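J.: First to last, the protein sequences are chains R and A.
Count the first sequence with my numbering and you get residues 39 to 153, in order.
Count the second sequence with my numbering and you get residues 1411 to 1523, in order.
Think of the hints as simulated: they come from the structure by calculation, not from any bench.
No experiment lies behind these values; they were computed from the predicted model shown.
For glycine and all other residues, C-beta sits at the position ideal for the given N, C-alpha and C.
One or more of the hints may lead you astray.
Facing chain A, according to a computed beta carbon distance under 7 angstroms, are these residues of chain R, among others [to be verified]:
id, residue
1, 94
2, 96
3, 98
4, 99
5, 101
6, 122
7, 133
8, 134
9, 139
10, 141
11, 144
12, 151
Just some of the chain R residues that point at chain A, by a computed CB distance under 7 angstroms [unchecked claim]:
id, residue
13, 79
14, 81
15, 105
16, 107
17, 108
18, 125
19, 136
20, 147
Spelled out from the first residue to the last, the chains are:
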Amino acid sequence: DAGVTQSPTHLIKTRGQHVTLRCSPISGHKSVSWYQQVLGQGPQFIFQYYEKEERGRGNFPDRFSARQFPNYSSELNVNALLLGDSALYLCASSWGLFSSYNEQFFGPGTRLTVL
Amino acid sequence: RKEVEQDPGPFNVPEGATVAFNCTYSNSASQSFFWYRQDCRKEPKLLMSVYSSGNEDGRFTAQLNRASQYISLLIRDSKLSDSATYLCVVNSLPQGGSEKLVFGKGTKLTVNP
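Bound-form chain R, shown alone:
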């Protein structure tokens, strides 16, 4: 079975641009969550979507937005890119919500570089 897939794998943008990152969950998983990981730090939670509704949001500015589609795939959008947005963006899928001891299965990530 296919795992979580993310596209693109690498991306280079300039300050002020917009970026869209995509994630396809494991078949049957209804929850998708997004994380930002900078070098030397643990992943930082951005959003969780479950059954196409936003169920959680981390401490990120409104420049970050996301959505989940009827097929449970998801997009993360970042507007007005800043140098500090350079990071590895991870997507994870699971059967359900965080509080139910649901294992998060991570994709390989998209490495975003903002110049």
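Guided by the hints, dock chain A onto chain R, whose structure is given.
T.: Frame of chain R; chain A shown alone:
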């Protein structure tokens, strides 16, 4: 105070050693607890869920102390393949806020031959 704090590391140990990682969390309403492992330039993968009764999986033992808001991971008989960064992960239910998953900074382990 950070929501999830781990031993800063790094840990360098010889093969066969026993190593312990510690983690504290600040939100007493947290309901689920995990240890994830992340190899260099790879995505995190679940190592163990941590339950109130404690749990063991081969050479790995995890414990949870809700009163002290403390989680631990013990690795016995370390192997070279255990070299990785270990992430303490806690779900958080901030008052009036939405559920989120909080990762510690990670503790890097290197097992030497």
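J.: Against each hint, give a clear statement of whether it holds in the structure.
T.: Here is what the structure says about each hint:
no. : hint : result
1   : 94   : 4 angstroms, holds
2   : 96   : 6 angstroms, holds
3   : 98   : 11 angstroms, violated
4   : 99   : 16 angstroms, violated
5   : 101  : 18 angstroms, violated
6   : 122  : 18 angstroms, violated
7   : 133  : 13 angstroms, violated
8   : 134  : 11 angstroms, violated
9   : 139  : 5 angstroms, holds
10  : 141  : 5 angstroms, holds
11  : 144  : 4 angstroms, holds
12  : 151  : 15 angstroms, violated
13  : 79   : 6 angstroms, holds
14  : 81   : 5 angstroms, holds
15  : 105  : 16 angstroms, violated
16  : 107  : 21 angstroms, violated
17  : 108  : 22 angstroms, violated
18  : 125  : 13 angstroms, violated
19  : 136  : 4 angstroms, holds
20  : 147  : 6 angstroms, holds
Consistency note: the structure conflicts with the earlier hints numbered 3, 4, 5, 6, 7, 8, 12, 15, 16, 17 and 18.
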